[in-house]
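Q: Listed in order, the protein sequences are those of chains L and F. Mind the numbering: the first sequence is residues 1 to 263 in my numbering, read in order. Mind the numbering: the second sequence is residues 1 to 237 in my numbering, read in order.
Since the hints were derived computationally from the structure, they do not count as laboratory data. Since the structure is predicted, the reported quantities are computational estimates derived from the model, not experimental observations. In this text, a Cβ means the ideal position worked out from N, Cα and C, and glycines have one as well. It is possible that some hints are incorrect.
Reference listing, derived: stretches of chain F covered by chain L, where coverage requires no fewer than 3 residues with Cβ under 8 Å from a Cβ of chain L [claimed, not checked]:
1. 54-61
2. 92-98
3. 132-142
4. 176-189
5. 206-215
Derived contacts from chain F toward chain L, CB cut-off under 7 Å, selection only [what the hints assert, rightly or not]:
6. ALA30
7. VAL31
8. VAL33
9. THR40
10. THR84
11. SER109
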Amino acid sequence: MLIDWFTVCAQVINFLVLVWLMKRFLYKPILSAIEAREKKIAAEIASAHTQKAEAQTEHEEFEHKNQEFDLKRKALMTKATHDAKIERERLLGEARKAADDLATKRQAMLQSNAAHINKELTRRTSQQVFAISRKALSELASTSLEQRMSEVFSKRLHEMDPKTKEALGEGLKNAGSPSRVRSAFDLPDHERATIQNALNEIYSTSVELQFETSADVISGIELSANGQKVSWSIDEYLKSLESSVNDLLSAKAPPEPALTVTK
Amino acid sequence: MRLSSDGLVFWQYGFLKLNGTIVYSWAIMAVLVLGSFLVTRKLSRRLQPKRWQSLLEIVVTSIQNQIEDVGLRNPKKYLPFLGTLFLFVATASLFTVIPGYEPPTGSLSTTAALALCVFVAVPLFGIEDRGFGGYLKSYLQPTVIMLPFNIISELSRTLALAVRLFGNMMSGAMIISILLTITPFVFPVVMTLLGLLTGMVQAYIFTILAAVYIAAATSSKKAKKGSKGTSAQTHAT
């Protein structure tokens with residue numbers, strides 16, 4: 001007989017015991033471990049999702065802040081550029097103004113210098129002309145310059161046009177005080193008498209004169225009476241010379257330094 | 001010549017006896033239980049389990065997936081019964097590589113015991129799932145005329161289960177024994193390897209058929225589909 005019923009029963013019992021033991025020691029612990037691990041994985045995935053969501057939120061927040069920062073930076077940059085432009089314009093204006101002031105001062109100084117030089121030149125020239133004329137006249141005609149000037153002045157008085165003559169006559173007549181005769185040098189009595197005689201002869205009356213010496217009348221003689229004035233001096237020639245010198249100085253004046261503003 | 005390990009009696013007192021089938025079964029049980037105990041006493045809950053734990057997890061989840069594939073909706077419920085069935089038969093076949101070992105599944109008593117367990121388990125699971133009346137009605141499907149055929153089918157498939165496993169395992173052991181006497185070098189090794197393969201296949205078939213019978217006894221539509229599929233497999237085997 002192939003089947004031993006005792007063995008069959010024993011094997012049935014054995015198998016059922018094995019089922020119980022395997023359930024106790026294999027399936028239950030293994031399935032529990034798997035389940036626990038799956039729960040752990042699910043929890044970690046959920047945690048990862050949460051962290052991802054948080055990271056996404058933080059990322060969006062960061063992006064938002066970044067955009068705000070960019071906008072602020074751009075606005076600040078624009079403002080700074082605008083301010084810098086205004087400041088640049090102001091500084092340039094100030095620099096231009098300073099340059100203009102400096103140029104004006106320099107121009108004034110140059111003009112002052114030129115005037116001073118002119119004055120000095122005029123003075124020296126007149127002195128030189130006077131000295132040269134004196135020397136030339138004395139050497140050539142054996143006549144002093146003063147004498148010659150007095151003669152020339154007297155001749156001028158005689159050669160006055162009627163209108164001037166009449167005006168001067170009115171001036172001499174209406175003058176409350178003696179009329180002044182100014183000269184750059186002290187006139188000798190002889191020359192004074194020459195002038196006095198010339199006036200007396202022209203107006204047929206005794207004209208009262210007061211002789212004065214004044215450096216302003218450059219190498220010449222000037223008669224002034226009640227606002228009327230008749231004069232002769234080297235000054236007229238010097239004026240012409242001065243004009244020529246001025247032209248020369250203007251032509252040779254150094255150019256104004258250009259104001260350079262660097263950015 | 002001894003056809004099964006039933007004939008190898010170590011101890012006997014009246015009808016009580018301790019034969020090779022029982023002793024080898026105990027050995028297999030001891031290996032399975034001790035192995036499981038040693039591995040599962042310190043289970044790791046980490047994401048990366050230990051080596052032996054991974055092996056057991058693979059085995060258990062594979063059996064569970066197979067049960068689910070057959071059509072049983074709650075595989076955890078049937079896992080202890082069907083999983084133990086597979087592991088017992090597979091281990092019994094695997095140990096044939098040990099010299100002097102005789103597989104208990106090469107005994108018709110063992111296969112009959114296993115088939116009887118399936119024979120009892122099927123209606124128990126069916127009644128639990130569908131109720132007593134519902135389960136009995138399944139014998140009247142599709143018509144009342146089919147009642148005797150269904151009953152015969154129930155008995156014959158249990159017999160087929162027992163005889164199929166016994167035949168395969170016994171024949172394998174028998175062929176190796178005969179070959180050892182004729183060509184003791186190469187062929188027994190080849191046949192042992194073939195026997196290992198056959199044993200694994202038989203363990204799989206036995207378990208799957210048991211799962212299909214249980215699925216057919218339960219109310220799941222999916223289980224009925226699985227039943228049809230496996231009927232063909234049964235005939236082919």
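Q: With 7 Å as the cut and Cβ atoms as the points, is VAL31/F at the interface with chain L?
A: 11 Å, violated
Q: Min Cβ distance, VAL33/F to chain L: is it shorter than 7 Å?
A: Holds, because the Cβ-Cβ distance from VAL33/F to chain L comes to roughly 5 Å (cut-off 7 Å).
Q: Using C-beta distances, would you say chain L covers the region 54-61 of chain F, given that this needs three or more residues below 8 Å?
A: The restraint on the region 54-61 of chain F holds, since 4 of its residues have a Cβ under 8 Å from chain L and three suffice.
Q: Using a Cβ cutoff of 8 Å, are there at least 3 residues of the region 176-189 of chain F near chain L, or does the coverage claim fail?
A: violated (count 0)
Q: Does the interface hint hold: is SER109/F within less than 7 Å of chain L, judged Cβ to Cβ?
A: 4 Å, holds
Q: Once the shortest beta carbon distance from THR84/F to chain L is found, is it less than 7 Å?
A: Hint on THR84/F: holds, closest Cβ of chain L at ~5 Å, below 7 Å.
Q: Grab the minimum C-beta distance from ALA30/F to chain L and call the hint holds if it beats 7 Å, violated otherwise.
A: 10 Å, violated
Q: In terms of beta carbon proximity below 8 Å, does the region 92-98 of chain F have 3 or more residues touching chain L?
A: violated (count 0)
Q: The region 132-142 of chain F covered by chain L? Criterion: 3 or more residues, Cβ-Cβ distance below 8 Å.
A: As far as the region 132-142 of chain F goes, the hint is violated, because 0 residues have Cβ atoms under 8 Å from chain L.
Q: Test coverage of the region 206-215 of chain F by chain L using CB-CB distances below 8 Å; three residues minimum.
A: violated (count 0)
Q: Could you check if THR40/F really has its C-beta closer than 7 Å to a C-beta on chain L?
A: Hint on THR40/F: holds, closest Cβ of chain L at ~4 Å, below 7 Å.
Going through the hint list in order, the structure does not satisfy hints 2, 3, 4, 5, 6 and 7.
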